[in-house]
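Under the working numbering, residues 1 to 190 are what the sequence shown spells out, in order.
Heads up, a few of these hints could be off.
Once the Cα atoms are required to be at most 20 Å apart in a straight line, the calculated SDA-like pairs of lysine to any residue come out as [to be verified]:
| no. | residue 1 | residue 2 |
| --- | --- | --- |
| 1 | Lys66 | Asn149 |
| 2 | Lys135 | Ser163 |
| 3 | Lys164 | Pro96 |
| 4 | Lys159 | Lys66 |
| 5 | Lys173 | Glu156 |
| 6 | Lys159 | Lys37 |
| 7 | Lys59 | Glu130 |
| 8 | Lys59 | Glu165 |
| 9 | Lys159 | Gly116 |
| 10 | Lys59 | Glu98 |
| 11 | Lys162 | Glu98 |
| 12 | Lys26 | Val70 |
| 13 | Lys164 | Val86 |
| 14 | Lys135 | Thr28 |
| 15 | Lys162 | Thr85 |
| 16 | Lys66 | Thr79 |
| 17 | Lys162 | Asn146 |
| 18 | Lys159 | Phe47 |
| 19 | Lys26 | Arg126 |
| 20 | Lys159 | His80 |
| 21 | Lys37 | Leu72 |
| 22 | Lys111 | Leu72 |
| 23 | Lys66 | His31 |
| 24 | Lys159 | Val70 |
| 25 | Lys162 | Thr79 |
| 26 | Lys59 | Glu156 |
| 27 | Lys66 | Phe47 |
| 28 | Lys140 | Ala114 |
| 29 | Lys111 | Val32 |
| 30 | Lys135 | Lys159 |
| 31 | Lys26 | Phe45 |
| 32 | Lys135 | Gly104 |
| 33 | Lys135 | Asn146 |
| 34 | Lys59 | Asp136 |
| 35 | Lys66 | Val32 |
Keep in mind the hints are simulated off the structure, nothing from the lab.
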Amino acid sequence: MTNEIRKEAKGKKAEFQKVKPATEGKTTVIHVARTAKVVKGGKRFGFRALVVIGNGDGKVGVAIGKANQVQLAIGKAETHARRNTVTFPIVGGTIPHEVIGRFGAASVWMKPAAPGTGVIAGAGVRLVLEAAGIKDVLAKSLGSTNPCNLVYATLEALKLLKSKEAVNAIRGKAEAVKAEEKPAAEVAAN
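Construct all of the structure, not just a fragment, from the sequences and the given hints.
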């Protein structure tokens, strides 16, 4: 047992190289970019990975990981995405209302769609919405086309989504909704 402890790597890198538990959902790599740093002896190459993790039921996380190898960058991004997840309501396979998310110079407009429409969106936005479990939505990318900013703008839009019940509770209209439902039930009985 003590030999296993001694062999374990130490420092920040050890955190990302450990065996991960069973995934909480689908992991998708959206974008991998090669970066270069010019130094005295030439160039040092690194990699930046943009990863999305979603459980397919209204929970999604997005993060960027940077490392000297692609697999390490993806592993870092996965770990960060698991820590920073967003939960939002899904109504009938689509979003509850129209919303615009902004991040940097990128904006993403999303609107609920009828069943059977599918996910109509650009590449990065589509991957985030599919990982989150949204089946029908209309989306349009406005402004910057940078994949990182578009994905984060999509995440900001998802954070702004609220269910009908949550909005009514904020406005203090919870009793009004219940009162409206009762007459409809009485009319159906008559």
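Return the numbers of the hints above that this structure violates; sort them in rising order. Those not satisfied are hints 4, 5, 6, 9, 17, 18, 22, 24, 25, 29, 31, 32, 33.
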